[in-house]
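Residue numbers (the working numbering), protein chains in the order written: chain A, 1 to 281; chain B, 1 to 319.
Keep in mind the hints are simulated off the structure, nothing from the lab.
Check before you lean on any hint, since a few could be wrong.
Covered stretches of chain B (chain A as the covering partner; in silico rule of three or more C-beta atoms under 8 Å from a C-beta of chain A) [stated by the list, open to error]:
| # | region |
| --- | --- |
| 1 | 59 to 65 |
| 2 | 87 to 98 |
| 3 | 101 to 114 |
Given the structure is predicted, the values throughout are model-derived calculations rather than measurements.
For every residue, glycine included, the Cβ atom is placed at its ideal position computed from N, Cα and C.
Given next are the chains, with one letter for each unit.
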Amino acid sequence: MTDNEIRELKKFAARIRLETVKQIAKRGFGHIGGALSIVDALAVLYGGVMKIDPKNPDWAERDKLVMSKGHAGPALYSALALKGYFPVETLGTLNQPGTSLPSHCDHKLTPGIDVTTGSLGQGVSLAIGLALAQRMDGRGARTFLITGDGELNEGQPWEGAMFAVHHKLDGLVWFVDYNHKQLDGDTEDILDLGDLGAKFDAFGWHTQTTNGNDIEAVRTAVDKALEVSGKPSCIVLNTKKGAGVPSVENTKYNHHMVFEGEMAKESISFLESALAVLEGE
Amino acid sequence: MIIYDGTMDKEAYKNVFGRVIEQICEEDKDVVYLDCDLMNSFGTLGFWQRNKAQAINCGVAEANMMGIAAGLSAGGKKPYAHTFGPFASRRCFDQVFLSVGYGGNSVRIFGSDPGVTAAFNGGTHMPFEDMALMRAVPGSTVIDVTDSAMLESLMRQIKESCGVTYLRTTRKAYPAVYSKDHDFKIGRGEVLRDGSDLTVIACGLMVGESLKAAAALKEKGLDVRVVDMFTVKPADAELVLRCAKETGAIITAENHNVIGGLGDAVGSVLLENEACIPMKKIGVVEMFGSVGPQDYLQEYYGLTAEKIAASALEILKKK
Numbered sequence: 001m002t003d004n005e006i007r008e009l010k011k012f013a014a015r016i017r018l019e020t021v022k023q024i025a026k027r028g029f030g031h032i033g034g035a036l037s038i039v040d041a042l043a044v045l046y047g048g049v050m051k052i053d054p055k056n057p058d059w060a061e062r063d064k065l066v067m068s069k070g071h072a073g074p075a076l077y078s079a080l081a082l083k084g085y086f087p088v089e090t091l092g093t094l095n096q097p098g099t100s101l102p103s104h105c106d107h108k109l110t111p112g113i114d115v116t117t118g119s120l121g122q123g124v125s126l127a128i129g130l131a132l133a134q135r136m137d138g139r140g141a142r143t144f145l146i147t148g149d150g151e152l153n154e155g156q157p158w159e160g161a162m163f164a165v166h167h168k169l170d171g172l173v174w175f176v177d178y179n180h181k182q183l184d185g186d187t188e189d190i191l192d193l194g195d196l197g198a199k200f201d202a203f204g205w206h207t208q209t210t211n212g213n214d215i216e217a218v219r220t221a222v223d224k225a226l227e228v229s230g231k232p233s234c235i236v237l238n239t240k241k242g243a244g245v246p247s248v249e250n251t252k253y254n255h256h257m258v259f260e261g262e263m264a265k266e267s268i269s270f271l272e273s274a275l276a277v278l279e280g281e
Numbered sequence: 001m002i003i004y005d006g007t008m009d010k011e012a013y014k015n016v017f018g019r020v021i022e023q024i025c026e027e028d029k030d031v032v033y034l035d036c037d038l039m040n041s042f043g044t045l046g047f048w049q050r051n052k053a054q055a056i057n058c059g060v061a062e063a064n065m066m067g068i069a070a071g072l073s074a075g076g077k078k079p080y081a082h083t084f085g086p087f088a089s090r091r092c093f094d095q096v097f098l099s100v101g102y103g104g105n106s107v108r109i110f111g112s113d114p115g116v117t118a119a120f121n122g123g124t125h126m127p128f129e130d131m132a133l134m135r136a137v138p139g140s141t142v143i144d145v146t147d148s149a150m151l152e153s154l155m156r157q158i159k160e161s162c163g164v165t166y167l168r169t170t171r172k173a174y175p176a177v178y179s180k181d182h183d184f185k186i187g188r189g190e191v192l193r194d195g196s197d198l199t200v201i202a203c204g205l206m207v208g209e210s211l212k213a214a215a216a217l218k219e220k221g222l223d224v225r226v227v228d229m230f231t232v233k234p235a236d237a238e239l240v241l242r243c244a245k246e247t248g249a250i251i252t253a254e255n256h257n258v259i260g261g262l263g264d265a266v267g268s269v270l271l272e273n274e275a276c277i278p279m280k281k282i283g284v285v286e287m288f289g290s291v292g293p294q295d296y297l298q299e300y301y302g303l304t305a306e307k308i309a310a311s312a313l314e315i316l317k318k319k
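Here chain B stands alone, though its shape is the one from the complex (with noise of 0.2 Å):
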């Protein structure tokens, strides 16, 4: 159930995180939790200090962490692996890409502080190309984590998953969207608010949003449809196709750079399948992070609902 009405989780995700890791962990004593000295900035110190048989703290050498998680998946085990993005993607690329994904292994990979979320970090710590590259392992799949319910929905559901899976995370809160109980279906895109002007298809950060985005624009009279494609390999094709038939235009709004994640699988989907209809990708163009608090670089990166309305009402000029 969608319960979205702009006010943020309760709960930081990071706590979130560690407080399910835990559970997952009791429930299924295979799956092993491996981090790379950050397990007090993901919720999970606590956890690693009581079960040190299942919590495995490999130091800052993410390298040697994608390797042996790629070797407890390959003896029999079910590792969930989390540093911040960058390093869980840039810094180790080759480590999740054969060691995991090419030896036929399998791993849960969490990366937080995606994009402008890592703030204070800044550009060495803010990833805005993790996506496309764990977009580019076969048969991997990468999600873009919305709230604090699919987080801790989808932690459960990968437990069983093959090869390279990516989650992307903020450490701290984004807007509530979904219950608690809602069925999240990996692969599945949700529609979050219908509209048959145009549809804004977004992920993570730039849900919340294309949200604000919307309803702004119904006070100037537009009826625009939210997407939240949380799956962004693979994307929800069959969704994508029918919005682009029943609204005639799309934005897609990613907290990424623009080449190689969400918008281009977005765009791939409608030029393979010859839906030729006004389109524009919202996310980061030709430039690397910096720092500063997290507002001021959702501005300084176009990262706003305002950008995402003033778009709109320039793609539906192309309609």
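Just chain A, same shape as in the assembly (with noise of 0.2 Å):
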């Protein structure tokens, strides 16, 4: 990667995090903390590395994204509306009555995003399928998952780790994001997931497991996952939950939390700023 596109998803990343935040301020409530964790590695994937057209959102070739932690659905909506699948001003009406923008992530109502979640685990059965579906239909097409860490609590995704090898689903990239926080508290106090990357490798993943709030890791990782043939690639992103929003990432129980006021306000012009001084490299 070049300096210059290296800037320009930093750019990218910092548009989808002013705008997660400015959609979260105006309810003044949301789970914020792991849409903002998460905003670096959707900033890679729609920055460049996902084959797909905004204009022609349910374009048969196209690459998908599951977001299995559908609660991150307005980073993922920032990204679509940066992206111009709809206007930015819709984010300002994230969970009003009648919005197109849930908390959690709705076919249905969203272009651009591929299926509904929420309920969690359940997304990455449903990449698999998408994935099946693309390898019957041969046209080369990949499937990106993503996970929460506190959502492999569930068994769902273990189920769905066994097969996507079993069947050698090489079409299937499946992040974790690794923040190390679930709703109660601190992963490791809940339910502890010891050593992620390790588990996949046991289950026969390609695995790997990288700064997830790195930019350039992450495409790193990214690139090297696109090219293993013959099994389904893992990435585990450690990452701070609020990543990016010192407020967020500060207050303790950040999985959703009240965002209004003084906190909101300063949040902004500090995300403002910081886009501003990457605009001025």
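Two chains, two frames, a set of hints: combine them into the complex.
Printed below as a string of structure tokens:
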């Protein structure tokens, strides 16, 4: 990757972050922590990796994304709006009556959302189904799956983990947003996931572990994952819940939180300044 | 055409399924059949060995299978998914409800061994609640299969269906009721025997029992109508109301809990249309499944022609 490409991706990530925070600030509450931790991976995917056509969201040959941690919807909506799937102004309707942007991703409501998610763990199987369908079609399209870490407390993802290896689904790339926090606190205190990379390795996946809030590191890992054949690929993203927004990072219970008033105002201006710096470079 | 004379269907329904699903997959390359390590029990093991591109064995992982089926639908495929009825419904209801139904996907779900037909597998494998659960999914279609002609016809008919389509079917056989060329229509009940004293509305296993009961009651001078309401959702409301008007009393008979199944579907139609007539629901009342031969279990839960006939005599006193 050239320095310029990296700079552009960082700017895209900064814009996604800003729009995400603005959406949640307008509503006054939301799933802000886990939305922010996955922003950099979304910037990499929508900033050049995925074959998509925002003007034709149902294009049959497109790559697909399953946001199994459906509560990160606001981050994905920001990426989609910035790519032109729908107007950026629509982001202001998050969770308002009649909105096309609910807390959790909904395929029937939002252009660019490939499948509906929200009940944790279910996106894994949906992604596998999509990857199988794409393999049957033989057009070379890929499926990208994003799960949380707390989500892996469920059994269904591990059923899927076995299945995808058995069926040699090399068109599937699974990102785990390992921000080490779930609703009730640290994953280590609730139900310790331990060495996730080793677990995926043991299941037979091609596994990488990287800094999920480092654009360049994520992009490098994705490029490598897409070269893998004969097995699915997992990228464990070590991230910070609330990444890039100090007021959220520093809130202990930041899975879903009130986000308004001074905290919101300061966070928005912090992100605007950060974006201005990137744009000035 | 109605061909019922009390004799059993010759081909076990698991073999009908295996034969027909292979034909459907041959005719349409977008059809995918999924199972959870029950292919050898459902007549599809040979098909799987011949066509692993369109037949997928998910292992003992029902939630994953239902999600994969939903994902295949999202990817433009036409999935048919099978496991035993309790696992297709209770075990992975949230995946059926959300990944398939709420997510706007279309999956044809087959739950085998409904109710007492689970026999020697016993209570853990005996679904008396599957139709109640599946009926609660918005937009769903719920069918209790009557015989092999119906199974084959409906398997083909539902290929392009939308949302959650649930069919429960025995792996063995029931009495043959319809000719192979019978014109089935989902949502349209079938009047199998006309009568004017009361109507027995049945589905699945209880269709044959109802016909037996009607024949026995005929000897007592009673003229009993028998309706096969194989589409439990959407139930044929027009037919229910016609039977209420013309016969003045209704008994429902189902191999299922009386909560949430055929009886409640028929009862709702009557209530909402102010058709206040004597009605009795025959089915399983506040009981879990248990183990034993099917005929013993039918006696145990009151799912017999004798129970229907006795209830008919009772209900006629209220007319």
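Now the hints, each set against the structure:
| no. | hint | result |
| --- | --- | --- |
| 1 | 59 to 65 | holds (count 5) |
| 2 | 87 to 98 | holds (count 3) |
| 3 | 101 to 114 | holds (count 3) |
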